[in-house]
Amino acid sequence: MTDIAVIGGGIVGMCLARELAMAGRDVTLLDSGHHAGTTANAGSLHVQMQSRFLRMYPELVPNLEASLPLYPEAARRWRLLAEDLGADIELRQSGGLMVCETAEHYEFLAQKCRREQALGLQVEMLDRAALRRVAPYLGDAVHGAELCAEEGKLNPLLANEALRRDLQARGVPYHIGHRIARIEAVREALLLHGTDGSVIRAGRVVLAAGAGSGALAGSLGAPLPTVAEPLHMNITEATAPLILHLVQHAERMITLKQLAAGQVVIGGGWPARFAGPQDFPTVEAASLVGNLSLAQHIVPPIGGLRLLRSWAGVNTTADGQCILGPLPQEPRVHVAVPGDAGYTLGPLVASMAAALLLGRDPGFATDRFTPARFSRAASG
Amino acid sequence: MTLDFEGRAIAVRPGQSLAAALTEAGVLDLRDTRRGPGGRGLYCGMGACQDCVMVVDGVPNTRACMTKAVSGQQVMRQPHPAPLPQRTTGTRPLALEDLPEETPELLVVGGGAGGLAAALAARRAGVEVLLVDERGIPGGQYYKQAMPGLAPMDAQQSEGAALLAACREAGVRILDGTEVWGAFAPLLFLATRHGQTLRLRPRAAVLATGAQERALPFPGWTLPGVMTTGAAQTLWRSYRTLPGRRVLVAGNGPLNLQVALELAAGGAQVVAVAEASSGLRPLALARMLRAAPKLAAKGLGMLVTLRRHGIPLRRGRLLRSVTRTADGALLAELDDGTRHTVDAVLCGYGFQPETALLRAIGATHAMQDGLLRPQRDAQMQTSMEGLYAVGDGCGLGGAPAALAEGEIAGLAAARALGRSAPSDAPVRASLVRHRAFQDALWQVFRAPFPGLVLAQPETLVCRCEEVTLAQIDAAIAAGPGDIGEVKRRTRCGMGRCQGRYCAPLLAARMGVDDSFAPRVPARPVRISDLLGS
Ligand SMILES: Cc1cc2nc3c(=O)[nH]c(=O)nc-3n(C[C@H](O)[C@H](O)[C@H](O)COP(=O)(O)OP(=O)(O)OC[C@H]3O[C@@H](n4cnc5c(N)ncnc54)[C@H](O)[C@@H]3O)c2cc1C
Ligand SMILES: Cc1cc2nc3c(=O)[nH]c(=O)nc-3n(C[C@H](O)[C@H](O)[C@H](O)COP(=O)(O)OP(=O)(O)OC[C@H]3O[C@@H](n4cnc5c(N)ncnc54)[C@H](O)[C@@H]3O)c2cc1C
Ligand code: FES
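Going down the list, the sequences are from chains C and D. Take the first sequence: its letters are residues 1 to 380, numbered as in the UniProt record's numbering. Take the second sequence: its letters are residues 1 to 533, numbered as in the UniProt record's numbering.
In case anyone wonders, no lab produced these hints; they're calculated from the structure. In this text, a Cβ means the ideal position worked out from N, Cα and C, and glycines have one as well. Heads up, some of the hints might be wrong.
Said to hold, decoys possible - Some chain D residues close to chain C (C-beta under 10 angstroms, calculated; not the full set):
1. 60
2. 93
3. 480
Unchecked claim - What follows is a list of derived Cβ distance ranges for each label pair:
4. D:473 / C:271: 54 to 64 angstroms
5. D:446 / C:279: 34 to 44 angstroms
6. C:134 / D:100: 18 to 28 angstroms
Turn these sequences into a full structure, and let the hints guide you.
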């Protein structure tokens with residue numbers, strides 16, 4: 001029997017368990033031990049809006065703008081967390097560049113930049129000449145960029161490990177390899193049925209299970225459309241310091257950056273697929289070629305580097321926004337699923353979820369993040 | 001003909017590898033590591049370990065063992081981290097479909113005994129066959145061909161040359177210098193050849209990628225001059241380059257004896273051969289003689305020749321450590337306390353199958369004696385239809401077994417492709433004999449794999465990311481987690497060799513039958529090569 005069970009030991013679940021433990025609560029962390037976005041992600045700290053999405057889905061602009069204030073705060077939370085953990089997680093807020101290749105796209109970025117400035121972001125436009133000075137590694141194809149000072153990067157391997165050790169030091173029970181098949185609500189408790197036949201009793205439950213959250217909510221009759229999305233990543237061998245910023249493309253799928261140890265991490269959302277009897281996330285040749293050829297197109301020296309490894313990780317998507325708060329069907333069960341750029345949002349979303357659970361002020365309006373929105377949508 | 005090594009002119013012979021030219025000139029230390037200068041030299045000699053990367057004509061991360069030495073080449077030790085050449089213009093982004101495509105009926109990856117036999121059998125049954133091999137001249141480890149201009153050294157090389165010629169004559173298309181690094185289900189392979197990436201889309205494929213020597217960490221095992229027995233064998237057999245003047249050979253199995261003799265005949269002073277197994281087992285010997293009298297006699301002959309050369313054979317002995325002396329030589333100590341001052345230490349402690357492509361494509365593997373091997377049916381077909389695996393890549397069986405397996409797979413593939421092929425009954429019978437011989441042979445040389453027994457807390461287990469045994473033990477003790485979790489905690493297995501060498505060591509340390517998740521590329525691939533720019 002535990003007071004609060006957190007299902008999912010990704011970035012959100014770990015931070016959440018930590019906050020609850022710090023608040024003196026009896027908390028248990030359960031994780032199935034595979035396919036986490038947290039263990040596969042690229043460690044980019046994203047703040048500015050995706051220009052491409054704004055163009056493709058103008059109807060989503062209000063949502064994106066409403067969530068925007070979360071991101072600079074999320075980056076700040078990462079800084080605080082790193083200090084708090086006392087670990088070097090190679091966090092650098094060295095700025096993020098969203099590059100474009102044409103005057104037309106530059107103009108679109110400039111508009112976005114003005115909106116973001118109005119909403120309080122530290123952003124500015126850099127034309128070709130200005131860009132040459134700050135980012136000489138970019139190629140001739142790049143016309144200009146929007147620079148967001150708050151963006152940056154960290155090393156997820158180090159951050160995850162520091163968090164795990166912190167939880168261990170705090171004595172938080174952390175069961176890895178424990179998969180919950182379904183949740184049963186009885187009057188006095190919630191019963192977490194493990195796939196191994198075990199049952200854990202909890203007073204309350206938080207679903208921080210990423211793409212696995214939907215099925216668990218579903219076992220309580222609550223609609224939660226989380227989708228597992230396998231994505232492609234690449235890493236090169238190390239080279240001398242070359243790329244200072246987090247680099248993204250305004251119109252194409254790519255993010256890249258250089259880790260402190262010198263490797264260049266290249267991703268940006270190219271698709272992977274599930275394969276084999278265990279649905280192992282597996283890379284696709286087309287993504288590998290497409291992603292890397294784009295990387296050397298915007299940062300030409302990368303052509304001289306060798307690709308060491310590619311991998312596929314499982315991202316969680318729903319409607320792009322965070323899902324936070326109690327299930328209307330079973331208020332003892334809360335949800336904590338981050339919106340786009342979920343690793344960036346992880347520590348912040350965890351502390352908002354903790355606040356909601358403990359009846360404290362989450363610091364941001366959370367109405368639009370409620371899981372109830374999916375029940376409303378489902379009932380028409 | 002000379003190349004320029006940091007301002008020094010070094011003689012090259014046409015066809016020689018860069019590693020051979022540098023070794024001949026006494027240059028062993030090829031690059032720095034994260035820990036600083038005085039780093040690494042040639043280790044595997046076959047393109048797998050990636051320890052020999054240098055800056056060649058301005059391009060960092062170029063493997064000296066797989067790169068031809070060319071007159072006028074500019075070669076530098078590689079600093080860490082290596083800077084990249086400046087470049088401001090990239091190539092226009094490409095799609096997979098933009099890459100040149102080959103669609104042979106049968107693709108054979110690897111031109112060793114297994115691959116050549118498979119190609120020949122299928123071709124003779126009328127199949128259109130493309131064989132690719134990463135080396136300048138195919139032949140693989142057993143038939144290891146000499147660089148152009150050198151006469152075959154012995155029957156081993158001339159038989160290989162004859163088999164290659166037979167393949168060519170039969171109409172097998174052969175692409176040398178072609179490294180396959182990507183494998184995607186159902187049957188798509190990506191390969192790089194002379195700076196250009198190819199898409200290979202066969203209807204069936206035989207993977208015959210051979211084996212590597214297993215890594216055995218001991219204090220000093222990463223010092224330049226300490227290399228695998230196979231690396232030294234390639235230096236000598238392919239390039240007529242001795243790994244050093246004074247040589248110590250240490251390991252387990254007949255290859256060490258053979259190489260010791262070859263080097264001694266080539267003029268090296270072989271100070272000793274330390275063999276891990278402790279004694280001749282008469283029963284096993286008798287069985288070996290029965291299974292293949294000629295091969296067994298050849299083996300016994302080796303012992304006699306060893307004595308004639310005055311090379312002491314120390315049975316039941318392992319290396320304890322290697323250190324560098326003030327005058328640049330290597331001081332090797334055996335576990336009987338004897339010390340040997342040499343220029344090169346050769347280690348050969350058994351082999352591990354090269355399974356990277358088979359795992360990446362999704363074929364089912366099983367763990368046997370701590371190593372992953374693909375599962376196959378009697379036709380050598382893996383768990384995936386149309387995908388066959390033969391030879392040492394499925395577990396060490398020796399060249400005759402690889403030939404037999406290759407022929408069986410080639411015939412099976414031909415049948416699957418609608419050709420009528422001769423019966424494989426005779427070759428099957430021979431395979432049974434070859435396997436019996438191998439079994440008996442390894443009974444004679446039976447010794448437990450030392451694993452991490454020789455490693456000290458500060459010894460590197462992961463050469464690439466420089467992870468010590470102490471760090472690995474600390475990470476295992478830090479909390480529950482599978483092998484992937486320990487990899488993420490320590491970076492063990494995240495380096496250039498992609499975990500080939502450390503994965504079995506880590507799994508054994510953790511007491512699990514597991515390995516790192518399979519990943520593409522199977523070998524590091526230069527991004528510009530991917531684009532053909
Ligand atoms: C390849 C890739 C690159 C990315 N790059 C970035 C980036 O650079 N920056 C960024 O901000 N975001 C990035 N993301 C997104 C980010 O990784 C995720 O949004 C984030 O990690 C989600 O964290 P989480 O804790 O919500 O979920 P996860 O990390 O997915 O964790 C969920 C956990 O729940 C467990 N679980 C699921 N179901 C059950 C169950 N039934 N019982 C028990 N346990 C269960 C899973 O095993 C998993 O460990 C990337 C994602 C991918 C896939
Ligand atoms: C280092 C070493 C030395 C050996 N020396 C001897 C010896 O002297 N005497 C003896 O009896 N036995 C020796 N053996 C064992 C013997 O070589 C093998 O039993 C026999 O060669 C097996 O043939 P094979 O075709 O399976 O593999 P191999 O002969 O190893 O052939 C595999 C071929 O595939 C190529 N290849 C691998 N991966 C790729 C890729 N991704 N793309 C393109 N090409 C690729 C390799 O370069 C190689 O040419 C040795 C084995 C090793 C590993
Ligand atoms: S020595 Fe060149 S790759 Fe191993």
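Structure-based check of each hint:
The interface hint given for residue 60 (chain D) is met, as the beta carbon of that residue sits about 7 angstroms from the closest beta carbon of chain C, less than 10 angstroms. A cut of 10 angstroms between beta carbons decides the hint on residue 93 (chain D): the least distance to chain C is about 5 angstroms, and the hint holds. Satisfaction of the interface hint for residue 480 (chain D) is found here, the shortest Cβ-Cβ separation to chain C being roughly 5 angstroms, below the 10 angstroms cut-off. One distance hint, 54 to 64 angstroms for the beta-carbon pair residue 473 (chain D) and residue 271 (chain C), is violated here, with the actual separation near 39 angstroms.
Here the CB-CB span from residue 446 (chain D) to residue 279 (chain C) is close to 42 angstroms, well matched to the stated 34 to 44 angstroms. Remark: the range hint 18 to 28 angstroms for residue 134 (chain C) to residue 100 (chain D) is contradicted by a beta-carbon distance near 38 angstroms.
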